[in-house]
Structure formats: C-alpha cells, structure tokens
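Please model the entire structure based on the sequences and the hints provided.
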Amino acid sequence: MPEICPICGLPKDLCVCEEIAKEEQKIKVYVTKRRFGKLMTVVEGFDADLIDVKDLAKKLKDICACGGTVKKDSIELQGDHRKKAEDILIGMGFSKNMIDVR
Numbered sequence: 001m002p003e004i005c006p007i008c009g010l011p012k013d014l015c016v017c018e019e020i021a022k023e024e025q026k027i028k029v030y031v032t033k034r035r036f037g038k039l040m041t042v043v044e045g046f047d048a049d050l051i052d053v054k055d056l057a058k059k060l061k062d063i064c065a066c067g068g069t070v071k072k073d074s075i076e077l078q079g080d081h082r083k084k085a086e087d088i089l090i091g092m093g094f095s096k097n098m099i100d101v102r
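1 is the number of the first residue of the sequence shown in full-length UniProt numbering; add one for each residue after it.
Certain hints may be false.
Said to hold, decoys possible - Result set (PhoX-like, lysine-lysine): computed pairs, CA atoms no more than 20 Å apart in a straight line:
hint, residue 1, residue 2
1, 59, 72
2, 84, 22
3, 12, 22
4, 26, 72
5, 72, 61
6, 58, 83
7, 22, 72
8, 22, 54
9, 61, 83
10, 83, 59
11, 83, 96
12, 96, 84
13, 84, 54
14, 61, 22
15, 84, 28
16, 26, 71
17, 59, 22
18, 38, 71
19, 96, 22
20, 28, 54
21, 28, 58
22, 61, 84
23, 71, 58
24, 84, 58
25, 61, 33
26, 83, 22
27, 22, 58
28, 58, 72
Unchecked claim - Distance ranges between label pairs, derived from CB positions:
hint, residue 1, residue 2, range
29, 10, 55, 19 to 25 Å
30, 12, 101, 33 to 39 Å
31, 65, 33, 17 to 23 Å
These are computed hints drawn from the structure, not numbers from a lab.
No experiment lies behind these values; they were computed from the predicted model shown.
For each residue, glycine too, the CB sits at the ideal point set by N, CA and C.
Set out below in structure tokens:
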C-alpha cells in the first residue's frame, strides 16, 4: 500500500502539494550591497514548510554559476542575478505574477 500525503490525501507518487505551493508563493528578488561593495541577490518569501528551500538554492546556484547560501527562509546569491533568478523561478513553476523583482 503506497504512502498517503498528509496534506492533500493523495498517494506520494501523485502528490501535488509542492506544485500548488509554488503558484501561491509571493517571492521578492532584490539586490543589496555587502561588505567591500560586493552585490548580493536575495530571493525571499518562500514557505519553508511546503518548498525545499535548500534544494531550490542549489539549483539556482548551479544555473547562475555563483556561490550563495540559505539564511532562514531566504536564498542569497553572490552577484547581481535578478533577471536570471526570475527566469529560473518561472521555469521551475513559480507564477510570474507573484514574483516581485526590484
């Protein structure tokens, strides 16, 4: 007997919780200046209970070819990657209307 997802009630193979959660996230992408004038792209607004933020950060870092980290429920990427991060998030299934790029 397959495992049942406690959130949606479907079997784990058919679980759609993460896809639904991706469409409902209000994500902010902006750049801040760090020590010595370095730029840092911050992507925040994820619900860590529904989305694996560490896995998402790994994919963003791989595609942007940069370093970064996960702090609390936000992802920090080294450098200015606002446009690239937005395109990647849209490609991963996040709603374009819910992504705010500054």
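Going through the hints against the structure:
no.	hint	in the structure
1	59 / 72	holds (17 Å)
2	84 / 22	holds (18 Å)
3	12 / 22	holds (17 Å)
4	26 / 72	holds (16 Å)
5	72 / 61	holds (17 Å)
6	58 / 83	holds (17 Å)
7	22 / 72	holds (18 Å)
8	22 / 54	holds (15 Å)
9	61 / 83	holds (14 Å)
10	83 / 59	holds (15 Å)
11	83 / 96	holds (12 Å)
12	96 / 84	holds (13 Å)
13	84 / 54	holds (18 Å)
14	61 / 22	holds (19 Å)
15	84 / 28	holds (14 Å)
16	26 / 71	holds (17 Å)
17	59 / 22	holds (15 Å)
18	38 / 71	holds (18 Å)
19	96 / 22	holds (11 Å)
20	28 / 54	holds (17 Å)
21	28 / 58	holds (18 Å)
22	61 / 84	holds (11 Å)
23	71 / 58	holds (13 Å)
24	84 / 58	holds (15 Å)
25	61 / 33	holds (19 Å)
26	83 / 22	holds (19 Å)
27	22 / 58	holds (17 Å)
28	58 / 72	holds (15 Å)
29	10 / 55: 19 to 25 Å	holds (21 Å)
30	12 / 101: 33 to 39 Å	holds (34 Å)
31	65 / 33: 17 to 23 Å	holds (21 Å)
Checked against the numbered hints given earlier, the structure satisfies every one of them.
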